[in-house]
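Enquirer: Letter by letter, the chains look like this.
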Amino acid sequence: MMFAHGFGCDQNMWRFVYPAFGADYKIILFDHVGAGSSDLSAYSYKKYNSLDGYANDIIEIANTLGVKDMVFVGHSVSAVMGLIAAGIAPELFKYLILVSPSPSYINQDDYIGGFNRAEIEELLESLNNNHLGWSMAIAPVIMGNPDRKELGDELSNSFCKTDPEIAKHFARTTFLTDKRDILQHAKVPSLILQCSNDIIAPVEVGHYMHELMPNSKLVIMNATGHCPNLSAPEETIAAINSYLHES
Amino acid sequence: MNHKLFPDLSPLAKDFDDFFETALCGFVITDGDGKIVRVNSRTAQWLNSTPDQFHGKRFSDLLAVGGKIYFETHLWPLLRMQGYFDEVAVELANSGHGKMPVYINGYERKGDNNQPLFMRFTLFRASDRRLYEENLQIAKQLAEDKLNIEQQNAKIREQFIAVLGHDLRNPLSGIMSATQLLARTGINERGERLVNIIQSGSKRMYEMINNIMDFARGRLGGGIPVNPVIVNLEELLNQISDELKVAWPDRQIESDFEIGETVECDPSRMSQLISNLLANAITHGSTETPIVFKALVKSNFWEVSVSNNGSPIPEKAMAHIFHPFYREGVQSSQNGLGLGLYIASEIAKSHNGTLTVTSDDHKTCFIFRAPIASHPSQINIFNCTITG
Numbered sequence: 001m002m003f004a005h006g007f008g009c010d011q012n013m014w015r016f017v018y019p020a021f022g023a024d025y026k027i028i029l030f031d032h033v034g035a036g037s038s039d040l041s042a043y044s045y046k047k048y049n050s051l052d053g054y055a056n057d058i059i060e061i062a063n064t065l066g067v068k069d070m071v072f073v074g075h076s077v078s079a080v081m082g083l084i085a086a087g088i089a090p091e092l093f094k095y096l097i098l099v100s101p102s103p104s105y106i107n108q109d110d111y112i113g114g115f116n117r118a119e120i121e122e123l124l125e126s127l128n129n130n131h132l133g134w135s136m137a138i139a140p141v142i143m144g145n146p147d148r149k150e151l152g153d154e155l156s157n158s159f160c161k162t163d164p165e166i167a168k169h170f171a172r173t174t175f176l177t178d179k180r181d182i183l184q185h186a187k188v189p190s191l192i193l194q195c196s197n198d199i200i201a202p203v204e205v206g207h208y209m210h211e212l213m214p215n216s217k218l219v220i221m222n223a224t225g226h227c228p229n230l231s232a233p234e235e236t237i238a239a240i241n242s243y244l245h246e247s
Numbered sequence: 248m249n250h251k252l253f254p255d256l257s258p259l260a261k262d263f264d265d266f267f268e269t270a271l272c273g274f275v276i277t278d279g280d281g282k283i284v285r286v287n288s289r290t291a292q293w294l295n296s297t298p299d300q301f302h303g304k305r306f307s308d309l310l311a312v313g314g315k316i317y318f319e320t321h322l323w324p325l326l327r328m329q330g331y332f333d334e335v336a337v338e339l340a341n342s343g344h345g346k347m348p349v350y351i352n353g354y355e356r357k358g359d360n361n362q363p364l365f366m367r368f369t370l371f372r373a374s375d376r377r378l379y380e381e382n383l384q385i386a387k388q389l390a391e392d393k394l395n396i397e398q399q400n401a402k403i404r405e406q407f408i409a410v411l412g413h414d415l416r417n418p419l420s421g422i423m424s425a426t427q428l429l430a431r432t433g434i435n436e437r438g439e440r441l442v443n444i445i446q447s448g449s450k451r452m453y454e455m456i457n458n459i460m461d462f463a464r465g466r467l468g469g470g471i472p473v474n475p476v477i478v479n480l481e482e483l484l485n486q487i488s489d490e491l492k493v494a495w496p497d498r499q500i501e502s503d504f505e506i507g508e509t510v511e512c513d514p515s516r517m518s519q520l521i522s523n524l525l526a527n528a529i530t531h532g533s534t535e536t537p538i539v540f541k542a543l544v545k546s547n548f549w550e551v552s553v554s555n556n557g558s559p560i561p562e563k564a565m566a567h568i569f570h571p572f573y574r575e576g577v578q579s580s581q582n583g584l585g586l587g588l589y590i591a592s593e594i595a596k597s598h599n600g601t602l603t604v605t606s607d608d609h610k611t612c613f614i615f616r617a618p619i620a621s622h623p624s625q626i627n628i629f630n631c632t633i634t635g
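Heads up: the protein sequence lines correspond to chains A and B, in order.
Sequence positions in the first sequence follow the working numbering and run 1 to 247.
Sequence positions in the second sequence follow the working numbering and run 248 to 635.
Just so you know, not all the hints are guaranteed correct.
[To be verified] Once the Cα atoms are required to be at most 25 angstroms apart in a straight line, the calculated PhoX-like pairs of lysine-lysine come out as:
(1) A:Lys46 / A:Lys187
(2) A:Lys179 / A:Lys217
(3) A:Lys179 / A:Lys94
(4) B:Lys402 / A:Lys168
(5) B:Lys492 / A:Lys168
(6) B:Lys346 / B:Lys393
[To be verified] Here are some, though not all, of the chain B residues that point toward chain A, as calculated from beta-carbon distances under 8 angstroms:
(7) Asp262
(8) Phe266
(9) Pro348
It should be emphasised that the hints constitute simulated quantities derived from the structure, not laboratory data.
Since we're looking at a predicted model, the values are computed, not measured.
Glycine included, C-beta positions come from ideal geometry on N, C-alpha and C.
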């Protein structure tokens with residue numbers, strides 16, 4: 001059972017959820033390249049310019065560990081990475097658990113993604129101007145000193161402090177992605193967990209995905225916000241468990 | 248007691264309430280799920296609204312869209328994972344006065360069952376500080392750009408030097424061999440004198456060009472390449488000092504070698520290093536006393552030192568003495584390009600060794616020291632004494 005964190009933090013996002021599955025599954029946790037304790041020097045602006053780069057990492061991890069038929073749990077943008085990966089290498093995936101997923105964050109025609117284009121531009125602009133996040137980028141110092149990891153350790157009193165350049169790029173890749181076209185080809189059985197009152201992935205997105213994905217089940221949770229894995233771990237665990245048992 | 252002195256002072260609770268509402272920072276309290284329970288007047292004022300307008304909303308509703316997303320993807324998770332976050336820059340939603348930049352701190356209080364009871368946020372206005380940071384950012388960017396350009400230029404200059412040095416060598420070789428042929432053709436005394444001038448001039452020029460090329464190679468390719476072989480050090484050192492004695496027959500070089508074993512080094516590079524040190528000692532040292540030329544081979548290191556009497560190296564010069572193009576004093580005509588010691592220290596480095604200098608009123612002493620391969624170097628102070 002592989003857990004993939006979304007835009008923002010790192011594998012700690014799953015700390016309240018994965019232990020519940022430890023008895024029945026081999027648990028795989030990882031930080032995306034550019035996040036958490038990953039090797040920042042491995043970050044490639046070319047590779048991670050699209051979600052496919054991340055999807056290939058997921059496949060590589062599974063192949064390296066010799067995993068087949070896994071349950072893939074992806075939060076937010078990682079849910080879509082899971083969908084892409086399952087399209088490329090379906091044999092690796094038994095089920096996809098998509099937590100607060102969204103194939104596209106921007107409203108287009110009849111599709112409600114949650115934001116209009118100007119709002120996403122505003123987000124990217126704010127990140128570009130360093131108007132968001134922790135004061136003045138100290139992180140490039142870490143980037144320039146891969147051999148002095150302790151510099152990074154000192155700074156990261158948090159799990160969500162990312163190198164601002166990488167955060168900008170990841171935000172761009174995430175929020176400008178439109179992967180609505182792959183939904184109808186999704187073959188791996190999928191559970192869509194959608195929160196109520198999530199400004200990042202509104203309920204409409206859950207319904208939209210469920211309608212297009214042939215093998216999917218949609219559960220609208222009582223949990224609010226974008227991170228039910230943190231705000232409502234019990235409800236999240238129960239929803240995943242009941243899906244895995246009935247399937 | 249105090250309230251008797253100040254009868255007008257509000258009861259503590261009321262005073263505290265006033266502080267909460269009108270402090271120069273914003274306070275926001277949410278319930279365990281993140282729904283706003285209370286917002287102080289200051290926050291509401293910043294948002295051009297009243298506190299009750301925010302009841303039941305999420306904290307992120309106070310923020311501009313960038314901050315909203317950032318809050319939900321970074322800060323909310325942080326509250327749940329580490330219980331707090333601090334000094335995070337966001338912008339308040341635009342409510343007619345533009346987006347106001349603020350710094351926010353937040354923490355979560357958990358109950359006995361480890362469930363969140365409430366969260367508290369503090370907001371600080373940060374318009375000026377943001378401006379200051381932006382200026383800093385611009386200055387940093389400019390400095391980085393400038394540095395990049397400078398580094399590019401430096402590289403081009405060094406490449407230019409390498410090419411120049413290489414291309415100068417060919418015509419010079421032509422001059423040198425032609426002069427040699429000319430010298431053998433039975434010319435008169437005056438001609439011989441002129442040929443001598445040409446020969447010694449071209450020899451110096453040839454050395455300078457070699458130094459330039461070593462310099463460029465050292466800068467461009469990460470050090471001077473060496474081919475270490477097993478060397479009879481005593482033989483090598485005697486050969487070097489003999490060569491210099493021929494060139495300066497009136498100067499005395501006193502050798503003091505304690506060499507029990509062979510060492511591994513590049514003999515031609517080592518000759519270059521040591522003959523540079525000896526030539527320096529001869530040129531700069533006192534003509535009254537001999538140069539002391541010592542060598543010592545121990546089980547874990549070996550060293551060679553050259554000392555001379557005479558006026559000390561000025562303290563100011565000591566810091567730059569191994570830098571390229573450094574020339575002592577102003578009478579540069581005798582000193583060449585000022586690359587000798589730089590190249591010598593690069594050769595030392597290529598042997599995993601060091602070249603150091605001490606200088607006082609009595610003596611100036613250059614010491615080359617390198618570890619013997621199987622034993623890592625130890626720091627010992629080599630006692631550099633002048634005898635006689």
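Enquirer: Each hint needs a verdict: does it hold in this structure or not?
Expert: Each hint, compared with the structure:
1. For the hint pairing Lys46 (chain A) with Lys187 (chain A), the CA-to-CA distance comes to about 29 angstroms; that exceeds 25 angstroms, so the pair is violated.
2. Between Lys179 (chain A) and Lys217 (chain A) the CA atoms are separated by roughly 19 angstroms; this keeps the pair inside 25 angstroms, and the hint holds.
3. This hinted pair checks out: Lys179 (chain A) and Lys94 (chain A) have alpha carbons roughly 21 angstroms apart, not beyond 25 angstroms.
4. Taking the CA atoms of Lys402 (chain B) and Lys168 (chain A), the gap is about 32 angstroms. The hint is violated against a cut of 25 angstroms.
5. Pair hint Lys492 (chain B) plus Lys168 (chain A) does not hold up; C-alpha atoms about 68 angstroms apart against a cutoff of 25 angstroms.
6. Between Lys346 (chain B) and Lys393 (chain B) the alpha-carbon distance is near 33 angstroms, which puts this suggested pair outside the 25 angstroms criterion.
7. Hint status for Asp262 (chain B) relative to chain A: violated, with the closest Cβ pair at about 33 angstroms, above 8 angstroms.
8. Below 8 angstroms, beta-carbon pairs count as interface contacts, and Phe266 (chain B) has none with chain A, the closest being about 27 angstroms; its hint is therefore violated.
9. For Pro348 (chain B), the interface hint holds, the least distance from its beta-carbon to any beta-carbon of chain A being 7 angstroms, beneath 8 angstroms.
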